[in-house]
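S.K.: Protein sequences, first through last, are from chains A and B. Start counting the first sequence at 1; every next residue gets the next number (my numbering). Start counting the second sequence at 1; every next residue gets the next number (my numbering).
Hints are computed from structural coordinates only; laboratory data are not their basis. The C-beta atom is built at its ideal place from N, Cα and C for all residues, glycine as well. Hints should not be assumed to be uniformly reliable.
[Stated by the list, open to error] Between beta-carbon pairs, the in silico distance windows are:
| hint | chain 1 | residue 1 | chain 2 | residue 2 | range |
| --- | --- | --- | --- | --- | --- |
| 1 | B | 157 | A | 15 | 22 to 32 Å |
| 2 | B | 359 | A | 196 | 50 to 60 Å |
| 3 | B | 16 | A | 129 | 43 to 53 Å |
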Amino acid sequence: MTKDTPAPILIDNLVLAYGQHRVLDGLSLQVPAGSITALLGGNGAGKSTTLAALLGFVRAQSGTVLVAGVDPGMDPDAARRRIAYLPENVALYEHLTAAENADYLLALSEERKERRIITDAFAAAGLQERAWDQRLGGFSKGMRQKVAIAVALLREVPVLLLDEPTSGLDPRATVDFNALVAAVRDRGTAVLMVTHDLLSAADVADRIGFLEAGRIVEEVAASGPERFDVRALHARFAVAAERLAA
Amino acid sequence: MSATRLIARDELRLMVRNRVAVIAFTLLVLLTLVAVLSSWAHQRGNAELRARHQHVAEHAFDAQPDRHPHRVVHYGHFIFRPLGRLAAFDPGVDAFTGSSMFLEGHRQNTANFGDVRQSSLLVRFGQLTPAFVLQVVAPLLLIFLGYGALARETERGTMRLLMLQGASRGQVVRGKLLALGGVALLAGLPAMIGFVAIAGQPGALALPMAIIAIGYAAYLALWVVLILLVSASVRRSRDALLALVALWAVAVVLLPRVAPDLASAAVPLQNRLQTDVAIARDLRRMGDSHNPDDPHFAAFKQSVLKRYGVKQVEDLPVNYKGLLALEGERLTSELFDRYAGKSYAAQDRQNALVEGVGVLSPAIALRSLSMAAAGTDFAGHRRFLEQAEAYRYALVQRLNRMQAEAVSYSDDTATDADADRRKRVAADNWGQMPDFTYRAPSGAALAAGALPGLVIVLGWLAVAGLLLVRASRRLGERR
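Let the hints inform the model, and build the full structure from the sequences given.
M.R.: As structure tokens, this is what we get:
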């Protein structure tokens, strides 16, 4: 990517309010292709609203939002076709098997895949083989999340949005998941994750932004083999959360 | 495959995997088949019974011995209303109005022997017909299969999941419409196939049959749209189910039963006893043909004598008693017609009120459409009564004319031992009397009668469609 290529995720001076309450207040953020940005912030800092704005589910009062060059406020369907999204509370179809869920959702996004590719993604997401052809009715939260992760990773899109992606995953699955996200980044996808999980963010992100009262108050980039100083990050994150609570 | 078809296919897959849905659908199809077969058997049995009774009545009339014509007037004649071919699909008011009439002089009787009076009280709850299944049961099945189509997606968060895969709100709604519409089509198809099988070759009835098919298709389509409209407007499936069952109960069960009661209260109809008393009172006022001082009949007598240029009735070339019978029947029939006209007008006003309520309930509008196209509505019943009265009047006046022309006044007033024989007319005359032949309305007339109901159902469909478009714009939004 050259310097002139616009970032797949571009937010500039975004203002968004629910009634009188300003949730995002001049938020600016860029996530270049082939990078992972983690947004950290306390409850109510505006993390989920940022994702909702990128997905075109809420309209901004002012500012710019672009997803791979498309304004989700103007053309949400086109923007969504450029996004793979993994929500915190995974919603899938319980009357379908894991493989049928993946096949249906990929067919809807016009990215149908062969069964072998789907099952490879399941395996990569850590879903056991015996679960591939079982209906989701009896799945645990972690198993559902693995199905959703596999579907999100199978989407060949320029943007991946992750909302608390590691909640509900055990430590081993979290490590595996982070490896998957890193692999997606390496194929040129712009990844934005919002999370409370500082360790996971520090493990996989290239940049970490601290969101407070609807704007990024501090941004840290990874550097060197040790990447982030987790202790220092934790101190900053805790301070930001306390300020917000106050 | 387009997103719309993918969503439709998944909705159908959900229904198939839901055993309750499959069982309910199978029961509906079985119920429809039973309704088609029982209606067909019932109609066939009724048609044969009426034809047989009609034949027996005609034979009895023709087999009368030599008789005085006025005795034949009082002997009377039974006629039976033949059932139209479409009556098996929707028997309408036939079970309540009666199907036979006794025709006689000086009286205008009404129809008798409706199924309701001959059968158990259960008939009053509605005969199991294809029309009943489509009007009442099919919407309920569609509600149970479709109430969660959109509300479930919103409730479980999969609405956004669909949209995140690039499916637009319009595609989601169209997919659900396609799936539930397909179910409605399958639910309606057995009844329609049975309808065509019962009715046989459309021929002259092609137009009313087409109106019935379009009307029921529009009605089921309306329920599909209403179900999705409610499902799109609430956040929980449970709320959608409650709202839709309430809507069904009011529109399909309550209003069609309350509307006639409201109409009866608004436009009271005289009962048979009240009418008979009023007619008897008017008959007394009209005059007495046996009273020589009665002003009307005295004037009538003078006009007859003047017309024939004679001084006394004995000199008339025709039997004066026959002329009196002709005049008396003319007067009483005019009176009966006036009362019948008042009754018809009141019933028309009642029906107009019921159809007015039909604007609020598409079930009433569809019922009106269905009965009108099948020729089993009140207009069809009235058509039979009017034709029967015209036949009765012509028959009685023909007999009265026979008395005037074939029986001499002197014989008619004689009291000697042989007088009774001389007053009689030969028996072969009775067989020459024309039989009653019911003239069925044309297909165009039946279709025209069904149009107002069709317009109301289509109007409902258009409005519900616009509301669904509006409601679907908010799908997936934070509420």
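S.K.: Indicate, hint by hint, whether the structure satisfies it.
M.R.: Here is what the structure says about each hint:
Checking the proposed 22 to 32 Å range against residue 157/B and residue 15/A shows it holds: the Cβ atoms sit about 27 Å from each other. The hinted window of 50 to 60 Å between residue 359/B and residue 196/A holds, with their beta carbons roughly 57 Å apart. A beta carbon spacing of about 26 Å between residue 16/B and residue 129/A contradicts the range 43 to 53 Å that was offered as a hint.
The earlier numbered hint that this structure contradicts is number 3, and it is the only one.
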